[in-house]
Amino acid sequence: MMPPLTGSKAELFRTTRRREAIVRYWKRSRKTLRLVWRSKMGMVGLMILIAFLCIALFTPIFVHFDRNAFNAEEIFLPALSKHHLLGTDEVGRDVLSELLYGSRISLFVGVAASAISVLIGGSIGVFSGYYGRLADEGLMRFTDIFLVIPQLPFMMLLAALAGPSLQNIIIVIGALSWPSTARLVRSQIITLKERTFIERARSIGAGDGHIIRKHILPNVIPLMFANTVLIIAVAILTESTLAFLGLGDPLVISWGSMLHYAFTSLAMSNGAWWYFVPPGFCIALVILGFTFFGYAMDEILNPRFRRR
Amino acid sequence: MELRTYILRRAATAFAVFLIILTLNFIIFHTIPGDPIRTLFQDPRISPEDMAQLRHGFGLDKPLMDQYLIYMKNSLTGEMGRSFSYYGDPVGDIVKERLINTLILVGSASVLALIMGVAIGTLAAWKRNTKTDFTLLGSSLFLYSMPTFWLGMLMLFALSGSVPSGGMYTPGANYAGFLDRFLDLMHHLLVPMTVLTLVLFGQYVMIMRSSLIDVLSEDYIVTANAKGLTGKNILRHHAVPNAMLPLVTITAINLSFVVGGAIQTETVFSWPGIGRLMYDALITRDYPILQGCFLVLTAVALVANFIADIAYVFLDPRVKVR
Numbered sequence: 086m087m088p089p090l091t092g093s094k095a096e097l098f099r100t101t102r103r104r105e106a107i108v109r110y111w112k113r114s115r116k117t118l119r120l121v122w123r124s125k126m127g128m129v130g131l132m133i134l135i136a137f138l139c140i141a142l143f144t145p146i147f148v149h150f151d152r153n154a155f156n157a158e159e160i161f162l163p164a165l166s167k168h169h170l171l172g173t174d175e176v177g178r179d180v181l182s183e184l185l186y187g188s189r190i191s192l193f194v195g196v197a198a199s200a201i202s203v204l205i206g207g208s209i210g211v212f213s214g215y216y217g218r219l220a221d222e223g224l225m226r227f228t229d230i231f232l233v234i235p236q237l238p239f240m241m242l243l244a245a246l247a248g249p250s251l252q253n254i255i256i257v258i259g260a261l262s263w264p265s266t267a268r269l270v271r272s273q274i275i276t277l278k279e280r281t282f283i284e285r286a287r288s289i290g291a292g293d294g295h296i297i298r299k300h301i302l303p304n305v306i307p308l309m310f311a312n313t314v315l316i317i318a319v320a321i322l323t324e325s326t327l328a329f330l331g332l333g334d335p336l337v338i339s340w341g342s343m344l345h346y347a348f349t350s351l352a353m354s355n356g357a358w359w360y361f362v363p364p365g366f367c368i369a370l371v372i373l374g375f376t377f378f379g380y381a382m383d384e385i386l387n388p389r390f391r392r393r
Numbered sequence: 033m034e035l036r037t038y039i040l041r042r043a044a045t046a047f048a049v050f051l052i053i054l055t056l057n058f059i060i061f062h063t064i065p066g067d068p069i070r071t072l073f074q075d076p077r078i079s080p081e082d083m084a085q086l087r088h089g090f091g092l093d094k095p096l097m098d099q100y101l102i103y104m105k106n107s108l109t110g111e112m113g114r115s116f117s118y119y120g121d122p123v124g125d126i127v128k129e130r131l132i133n134t135l136i137l138v139g140s141a142s143v144l145a146l147i148m149g150v151a152i153g154t155l156a157a158w159k160r161n162t163k164t165d166f167t168l169l170g171s172s173l174f175l176y177s178m179p180t181f182w183l184g185m186l187m188l189f190a191l192s193g194s195v196p197s198g199g200m201y202t203p204g205a206n207y208a209g210f211l212d213r214f215l216d217l218m219h220h221l222l223v224p225m226t227v228l229t230l231v232l233f234g235q236y237v238m239i240m241r242s243s244l245i246d247v248l249s250e251d252y253i254v255t256a257n258a259k260g261l262t263g264k265n266i267l268r269h270h271a272v273p274n275a276m277l278p279l280v281t282i283t284a285i286n287l288s289f290v291v292g293g294a295i296q297t298e299t300v301f302s303w304p305g306i307g308r309l310m311y312d313a314l315i316t317r318d319y320p321i322l323q324g325c326f327l328v329l330t331a332v333a334l335v336a337n338f339i340a341d342i343a344y345v346f347l348d349p350r351v352k353v354r
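Line by line, the protein sequences give chains E and R. Numbering-wise (my numbering), the first sequence opens with residue 86 and increments by one. Numbering-wise (my numbering), the second sequence opens with residue 33 and increments by one.
Bear in mind the hints are in silico, worked out from the structure with no lab data behind them. Built from N, CA and C at the ideal position, the CB exists for glycine as well. This list has only true hints and no planted wrong ones.
Not everything, but these chain R residues come out facing chain E in the computed CB check (under 7 Å): (1) L188; (2) S288; (3) L322; (4) F326.
Result set (DSS-like, lysine-lysine): computed pairs, CA atoms no more than 27 Å apart in a straight line: (5) E:K278 / E:K299; (6) E:K94 / E:K299; (7) R:K159 / R:K264; (8) R:K159 / E:K125; (9) E:K125 / R:K163; (10) E:K299 / E:K116.
With the sequences and hints as input, model every part of the structure.
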């Protein structure tokens with residue numbers, strides 16, 4: 086063991102270490118970013134995502150929208166009408182404002198739900214992969230059960246029983262979409278824990294907690310990042326599906342709930358394309374953005390692809 | 033281990049999983065906040081005595097363990113309670129009737145999607161990293177990203193007037209014979225089937241493409257090349273049959289995805305299958321129907337997984353039964 090450093094020397098040592106770590110981290114991220122830049126798919130995905138993020142962030146500053154402002158005289162006004170670029174809906178609200186505000190809920194639910202999902206999946210994966218044996222067997226059987234249950238009916242049942250609210254939707258989606266993450270993390274850790282540097286760490290007396298935090302996690306987190314991006318895409322799609330089926334929070338507007346109201350107010354047979362085409366298009370575009378970006382990240386970060 | 037033991041073990045596992053899911057369903061119903069009776073009869077005029085009477089009628093005053101045993105016994109014998117709406121008909125009967133309609137839609141769409149997916153996925157893998165590949169993969173990804181129900185809504189809008197907007201048969205029609213009835217069914221099936229096919233097919237393209245790319249880097253392909261076989265020959269006889277193997281397992285695993293697509297398609301086109309039944313049950317808060325549909329769909333998924341496991345052993349000689 087090195088004698089503990091004291092005084093200014095220790096301070097200097099620590100700052101240098103920290104600076105080195107930051108430089109190393111920056112170099113690595115820059116390399117990743119450069120690869121994303123070079124991959125056309127990843128670039129297109131990133132652009133789409135940044136655009137929608139800006140819309141979600143800045144909409145409340147520029148657009149005022151009252152979701153209770155019913156206007157009986159302006160029902161189903163067509164697109165390009167005066168004051169209403171994308172027309173109005175079945176109760177006379179401006180579709181464009183709804184669309185802009187909807188981006189906030191759709192993105193928020195997607196990110197929040199996938200955060201829950203990655204947390205559950207990551208923990209189960211790490212625990213199961215690192216400790217192995219009985220814990221692994223038990224947890225993987227548990228994961229298999231969740232993989233085989235048809236997801237949408239299960240979510241419909243849970244959301245219906247729990248009642249429609251934003252919080253419930255987030256929990257239901259998050260609590261049911263973790264199995265793929267768990268499997269991915271587990272398989273990664275199983276190969277990782279046999280590597281020499283882990284053995285070395287253990288031989289100089291590192292505990293399980295230390296090894297997981299300092300050696301295992303830094304090696305799986307990049308992979309989990311790509312997986313998370315893909316899970317956000319699925320979560321957004323799921324949210325819009327549940328909202329379309331009438332399970333969304335009636336107090337907020339998301340793209341899915343817009344489509345629900347468009348469907349129940351028979352916008353299709355009324356020819357009100359401006360009401361149901363834009364929200365669906367936005368959903369598809371955002372999901373495409375996440376999927377493109379996720380796949381590009383996966384190809385860059387996943388060691389499976391590197392040899393090709 | 034013998035094949036028979038393997039099959040028996042697989043079947044036992046599937047059954048055990050089903051029992052666990054049944055239990056899970058019971059626990060969920062009893063732990064999710066909210067009193068089912070209170071949500072069901074949201075009427076302040078109901079007196080506490082009547083409430084107790086209702087509770088007794090549904091058996092909700094029995095000890096939890098008894099409720100559990102009754103529930104398990106009933107579920108396994110196909111008795112899934114009575115619907116809240118639908119005049120209190122047995123859930124089992126309603127679901128059984130709807131299951132066939134769902135199978136017609138899902139079956140036809142799946143077969144079409146598989147055929148198209150294999151063909152296009154093969155093309156994309158063969159022309160890997162070319163413009164063709166990029167276009168094919170891009171459009172499949174786009175179809176995959178599209179919400180199923182939205183695609184259905186677009187179709188309804190685009191074709192409104194020229195095709196029936198929903199249902200399975202023309203209401204009140206008198207059919208001259210079986211053929212007449214069949215043609216009417218086809219007429220109604222066409223659009224929903226197309227939507228579901230398009231949604232499923234994108235995924236098969238991606239799976240087939242990546243699987244074929246994997247296979248093409250195998251040693252036996254190199255050997256076939258060295259023997260001087262033509263590209264087409266290698267593809268048809270050596271690569272494609274092997275690349276299709278993962279599709280068997282993935283089709284079963286992705287049944288969840290297929291079910292999701294079917295629920296959305298049926299909802300949009302009022303196709304009287306299980307999916308539309310679930311949607312209607314959501315609106316009327318008909319919990320027994322929702323649970324019945326969920327359990328039946330889960331059972332179907334388990335059976336499909338079981339069949340895929342067994343089929344894999346027969347299809348891939350490399351898989352040794354352990």
